[in-house]
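Starting from the known structure of chain A, fit chain B with the ligands onto it as the hints suggest.
First to last, the protein sequences are chains A and B. With numbering that gives the first Met the number 0 as the guide, the letters of the first sequence map in order to residues 0 to 267. With numbering that gives the first Met the number 0 as the guide, the letters of the second sequence map in order to residues 0 to 369.
Please note that a few of the clues may not be correct.
Here are the simulated DSS-like pairs of lysine-lysine, each with C-alpha atoms no more than 25 Å apart in a straight line [what the hints assert, rightly or not]:
(1) Lys-214(A) x Lys-112(A)
(2) Lys-365(B) x Lys-256(A)
(3) Lys-170(A) x Lys-82(B)
(4) Lys-181(A) x Lys-232(B)
(5) Lys-218(B) x Lys-100(B)
(6) Lys-147(B) x Lys-242(A)
(7) Lys-101(B) x Lys-163(B)
(8) Lys-13(B) x Lys-100(B)
(9) Lys-304(B) x Lys-251(A)
(10) Lys-233(A) x Lys-141(B)
(11) Lys-147(B) x Lys-304(B)
(12) Lys-147(B) x Lys-19(A)
(13) Lys-7(B) x Lys-214(A)
(14) Lys-170(A) x Lys-232(B)
(15) Lys-264(A) x Lys-365(B)
(16) Lys-72(B) x Lys-206(B)
(17) Lys-256(A) x Lys-304(B)
(18) Lys-233(A) x Lys-19(A)
(19) Lys-72(B) x Lys-218(B)
(20) Lys-332(B) x Lys-256(A)
(21) Lys-256(A) x Lys-368(B)
(22) Lys-233(A) x Lys-39(B)
(23) Lys-82(B) x Lys-232(B)
(24) Lys-233(A) x Lys-147(B)
Source of the hints: derived by calculation from the structure; they are not laboratory data.
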Amino acid sequence: MKIIVCVKQVPDTSGVVAVKADGTMDRAAMATISNPDDMNALEAALQIKETNPDVKVCVVSMGPPPTESMLRECLAMGADEAYLVSAREFGGADTWATSNTLAAAIEKIGVDKGDIVMCGRQAIDGDTAQVGPQIAEKLGLPQVTYVTAIDYKAGELTVRRELEDGYMTIKVQTPCVLTCIKELNTPRYMSVPGVMECYSKPYAVWDYEALKDSKWVGPVENVGLKGSPTQVYKSFSPPVKGKGTMIEGADKAACEKLVSMLGEKHII
Amino acid sequence: MNMAYNSKDTAAFKGVWVFCEQRDGVILGTGYQLLSEGRKLADDLGVELCGVLLGSGVNEQYAKALGGYGADKVYICDHELLKDYTTDAYTKVLCDLVEDKKPEVFLIGATNIGRDLGPRVAARLHTGLTADCTHLDVDVEKYKAFLKTTSTIDVDNTPFEDTKNLKMTRPAFGGHLMATIVCPDYRPQMSTVRPGVMQTQAFDEAKSQQTVLEKIDVKLDKSDIHVDLVEIKKSAKKLVDLIGADVVVAVGRGISSNPTRGIEIAEELANVLGGVVGASRAVVDAGWIGVDHQVGQTGKTVHPKIYVALGISGAIQHLAGMQDSECIIAVNKNGSAPIFDAATYGITGDLFKVGPMLAEAIKSFKASKA
Ligand SMILES: Cc1cc2nc3c(=O)[nH]c(=O)nc-3n(C[C@H](O)[C@H](O)[C@H](O)COP(=O)(O)OP(=O)(O)OC[C@H]3O[C@@H](n4cnc5c(N)ncnc54)[C@H](O)[C@@H]3O)c2cc1C
Ligand SMILES: Nc1ncnc2c1ncn2[C@@H]1O[C@H](COP(=O)(O)O)[C@@H](O)[C@H]1O
Chain A
0 MKIIVCVKQV PDTSGVVAVK ADGTMDRAAM ATISNPDDMN ALEAALQIKE
50 TNPDVKVCVV SMGPPPTESM LRECLAMGAD EAYLVSAREF GGADTWATSN
100 TLAAAIEKIG VDKGDIVMCG RQAIDGDTAQ VGPQIAEKLG LPQVTYVTAI
150 DYKAGELTVR RELEDGYMTI KVQTPCVLTC IKELNTPRYM SVPGVMECYS
200 KPYAVWDYEA LKDSKWVGPV ENVGLKGSPT QVYKSFSPPV KGKGTMIEGA
250 DKAACEKLVS MLGEKHII
Chain B
0 MNMAYNSKDT AAFKGVWVFC EQRDGVILGT GYQLLSEGRK LADDLGVELC
50 GVLLGSGVNE QYAKALGGYG ADKVYICDHE LLKDYTTDAY TKVLCDLVED
100 KKPEVFLIGA TNIGRDLGPR VAARLHTGLT ADCTHLDVDV EKYKAFLKTT
150 STIDVDNTPF EDTKNLKMTR PAFGGHLMAT IVCPDYRPQM STVRPGVMQT
200 QAFDEAKSQQ TVLEKIDVKL DKSDIHVDLV EIKKSAKKLV DLIGADVVVA
250 VGRGISSNPT RGIEIAEELA NVLGGVVGAS RAVVDAGWIG VDHQVGQTGK
300 TVHPKIYVAL GISGAIQHLA GMQDSECIIA VNKNGSAPIF DAATYGITGD
350 LFKVGPMLAE AIKSFKASKA
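Chain A on its own, in the form it takes in the complex (with noise of 0.2 Å):
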């Protein structure tokens, strides 16, 4: 049984962001890191391939020739093949297009019955959340999102599915598509050996030729920019506010002070 998980290299939001004049963002200034949900989603993988010895474990991701490096990672974290799609063609993808063409890819790499695809909820660039379900719907699966978490027995699959008020306890078909949260797990880190081993394993690079011939590839058009139904109109940065009034000093009369300030603009 093989587990394909979907990672996503992604610029880190958290440290320095660079915003280039035109108002998009300067990717190359920025330092990258792996989508957080989806390192959720291999831990959640690999521990299924702890208790079952014949499951086998697959990285896929789509990005520039660097994004290899994470891939890597990945295996030495202990996936079993890599498998990278990068092309000129498959750039300036919305999710629809990003959705198709990792769908192609997939099917690929082969979803056999009982196999599962893992992705994260969403990529903290565009925090869309779209893609999974998008594949899921491509492929003809069933999905669950927002899984914290996973039981996994003898080809049966339960799943926990949070709720904003709650959560709901799901039986899913296989072959199906799970999204993670990282309430799931922790991730593990790579081990001594798996970084040894890491460029012995498996990894292959698809162009648009590898897979132009899938249904849900086809004509240049159809991927990338050109495939993609939305388009950005505008992008901004959000104007930096003036800054309010501070009061002297953090004492009795400081609060006081500030109480009245309210008061007076009756906003108490």
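Structure of chain B with the ligands alone, referenced to chain A:
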């Protein structure tokens, strides 16, 4: 899939739709918020606004109420397999309905369920979907007015394509950037909208009475559903109503030397001000308070009358969820913390000392007015 259906035939699509999510037969507040917003869009387009309600044993009184928030018409999809949410059933019913009626705009609340359903529906219909939007416009002039107050763009000297396409604005890159997305060549133009961002209009009883209800003949079979819902558990704890609160007193990592006391101070302040306690992600991640208290990019968006930030640095992801509060009061030891750039009033000081003193001062102020 209906073969004659073509999502690129934009001229064939008309009307604004809102998916009105219900759980246990109760319609969520996001549905009312989206109808109120959808009303404005429908008026700008000169088209009908329709609510879409899926469930089992749908209460017609509830359906009519949707009209009171702006809907002209409500499509009722009533089927026993729609009682509780499943991706498969809800997606099928909504897609069948869209293919039949062809709306030009389709809004869904960005709840955990909306964000499961929206992408699946958009993928099946071959159209675009913009996630977690915080602002919507069809009218270019209104969009320009919005940009004037929220961006650094020189609006008057920037060309804008003048169309009635839906302009869907959302934060990206952890709130560092705002992006306005359009879906010009495919219909419906779909978006999930952040709960709490759009304001609910006052309920209009007369309009509610005029609401047209249309019952849909739902085609659904057990074999359409590939999951088994074993159980739904509500959390035992009562969830905090951050989104609806008039006052939010939020704590950040500044409470770390004594988290219990820090939260106590916030509760005390929230009590005297008549509000609820919020938190930064740092506090939630540390496990000091539940995730339903989190404000920000990955938490909730609030715009209370008063937002008190105690020991919160003001990271952009936190600001994304609270910067539209009417009055922001920040207490932070570090006088150059970014939270002071967003604050209406600031005190540089120790929250463990200032917090209780502030609560006292408010109490005596209120007593003097009583
Ligand atoms: C993708 C992404 C999404 C995120 N989403 C969110 C989100 O939804 N919400 C959110 O809040 N964050 C979010 N974050 C995290 C955010 O970047 C910050 O890390 C977080 O908001 C910091 O929380 P904080 O202000 O409590 O802690 P810190 O940044 O550590 O600040 C603590 C502050 O307390 C002050 N302080 C310390 N002691 C005292 C004292 N005794 N009295 C007074 N002041 C004191 C310090 O001066 C400091 O300014 C997100 C990050 C990422 C990458
Ligand atoms: N380019 C990509 N390569 C691999 N996986 C991706 C890519 N984009 C998105 N995903 C997966 O889809 C999830 C949701 O992404 P998003 O919809 O962009 O928020 C991520 O957590 C990944 O698991």
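Any hints this thing doesn't respect? Which numbers, in order?
none
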